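With the hints as a guide, dock the two chains, each given alone in a separate frame, to form the complex.
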Amino acid sequence: ETGVTQTPRHLVMGMTNKKSLKCEQHLGHNAMYWYKQSAKKPLELMFVYSLEERVENNSVPSRFSPECPNSSHLFLHLHTLQPEDSALYLCASSPNPTINYGYTFGSGTRLTVV
Amino acid sequence: GENVEQHPSTLSVQEGDSAVIKCTYSDSASNYFPWYKQELGKGPQLIIDIRSNVGEKKDQRIAVTLNKTAKHFSLHITETQPEDSAVYFCAASGTNAGKSTFGDGTTLTVKP
Numbered sequence: 258e259t260g261v262t263q264t265p266r267h268l269v270m271g272m273t274n275k276k277s278l279k280c281e282q283h284l285g286h287n288a289m290y291w292y293k294q295s296a297k298k299p300l301e302l303m304f305v306y307s308l309e310e311r312v313e314n315n316s317v318p319s320r321f322s323p324e325c326p327n328s329s330h331l332f333l334h335l336h337t338l339q340p341e342d343s344a345l346y347l348c349a350s351s352p353n354p355t356i357n358y359g360y361t362f363g364s365g366t367r368l369t370v371v
Numbered sequence: 003g004e005n006v007e008q009h010p011s012t013l014s015v016q017e018g019d020s021a022v023i024k025c026t027y028s029d030s031a032s033n034y035f036p037w038y039k040q041e042l043g044k045g046p047q048l049i050i051d052i053r054s055n056v057g058e059k060k061d062q063r064i065a066v067t068l069n070k071t072a073k074h075f076s077l078h079i080t081e082t083q084p085e086d087s088a089v090y091f092c093a094a095s096g097t098n099a100g101k102s103t104f105g106d107g108t109t110l111t112v113k114p
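Sequence lines, in order, name chains A and B.
With my numbering applied, the first sequence closes on residue 371, and no number is skipped along the way.
With my numbering applied, the second sequence closes on residue 114, and no number is skipped along the way.
No lab work stands behind these hints, which were simulated from the structure alone.
All of these numbers come straight from a predicted model, not from anything done at the bench.
Watch out, some of these pointers could steer you wrong.
[Said to hold, decoys possible] Sample of chain B residues lacking proximity to chain A, with all beta carbon distances greater than 12 Å (derived): (1) Gly18; (2) Lys24; (3) Ser32; (4) Glu41; (5) Leu48; (6) Ala65; (7) Lys73; (8) Thr80; (9) Ala94; (10) Thr103; (11) Pro114.
[Stated by the list, open to error] Derived lysine-lysine pairs resembling DSBU-like cross-links, with alpha carbons at most 35 Å apart: (12) Lys275/A / Lys24/B; (13) Lys275/A / Lys39/B; (14) Lys70/B / Lys24/B.
[Unchecked claim] With beta-carbon atoms standing in for the labels, derived distance ranges: (15) Gln16/B / Glu310/A: 47 to 53 Å; (16) Ser295/A / Asp19/B: 29 to 35 Å; (17) Asn327/A / Gln62/B: 44 to 50 Å; (18) Gly57/B / Val269/A: 44 to 50 Å; (19) Pro340/A / Asp61/B: 26 to 32 Å; (20) Arg367/A / Gly18/B: 33 to 39 Å; (21) Gly3/B / Asn353/A: 30 to 36 Å; (22) Thr264/A / Thr111/B: 46 to 52 Å; (23) Asn314/A / Pro84/B: 40 to 46 Å; (24) Pro84/B / His334/A: 38 to 44 Å; (25) Leu42/B / Asn327/A: 18 to 24 Å; (26) Arg63/B / Lys297/A: 24 to 30 Å.
Beta carbons are placed, not taken as given, at the ideal position from N, Cα and C, and that holds for glycine.
The following block holds chain B by itself, in its conformation from the complex (with noise of 0.2 Å):
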């Protein structure tokens, strides 16, 4: 089965400055790559995806890339906010259409 690995598990950046995330998947079949962001007491929600057709995505501030010959893909957020601050979850979904394997998670804390 699927296997994505997440790095790393916590990060810790200043205001203003960048994050990144990183995830490897192991099934080279896996075509769509979403991300979550967790707040306390919420669930994880949808903030943004890309599919294996798309060498990357930017939707203002956070933006996802994807290699596929090394089977990896990135979150990027800039100009991070402490309202950014949560845990993050990468995803890789592929032959099984409609299930997802979750990485490790990722807190993100960002300081004022």
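One chain only, chain A, in its complex shape (with noise of 0.2 Å):
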């Protein structure tokens, strides 16, 4: 266990639904991110979480609409997705959001968009 919980590990969903992704962590730390990671393709930084501020917002599309709302808990709320978001979706935190430490990664959350 790697200290931070993701769930649900897979997610298979229509393009009209809305689900909600959720990760957890009780590190103590202080700052959360949502990654993507596709095939071929470098982790992408989507947003950061600082003491539950959102403080980064990478040029997502408003189809993702993350959540925080506390230190220990992290949303990604999906609506209206298209295919070419299937992904895995990986939340990180760090004990410092002003400090650069390494993140501590859960173990993700596979999306299928059919």
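Encoded structure:
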């Protein structure tokens, strides 16, 4: 167990569906991140949260909507997705958003949009 | 913004041999360089990191070297074992603290 838990592990959704991805960490970290990992592409940063406040939206389409209700939980709400949004979505956390530290990643949610 | 290039994209070695993966970065202000290992079905796991005030760091069979002048850093794995087979990512972080830019990854295969 890495300390960062993501659910569900796998998700298949239609283009008109609405679903949410959940991430939870109990490491006492103050920064949380959403990354997208597609085949043959580098990890793409989507959102950064620092102490529950969104500090970065990396030009992500509005069909992806993040939510951070507290420093331990992070959600990614999905609606009207496209097939090209199929990917592995990774949540990560780090101790301090203002100092460079390594990330602790979850195992990811494998999303398939049909 | 930061740009990280990683080579090679695939690497196959015989068990017991050494493996070297190289990365270059573009932003001279970058000061933190982590390496991650991703096994099948799992998220990336931090295996070693180095900060810009250090030229080399070693942890058992794994070492990382940093050349700030040339803006490149490398991962060295000695006495490779089949369980070292995975995808390895380098990353660089700098002025935007807490935000890492990743390389494309190297798929390492260790043949028994």
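Exercise. Taking each numbered hint in turn, which are not upheld by the structure, reported in ascending numerical order?
Worked result: Violated hints: 3, 4, 5, 9, 10, 12, 17, 19, 21, 22, 25; rest satisfied.
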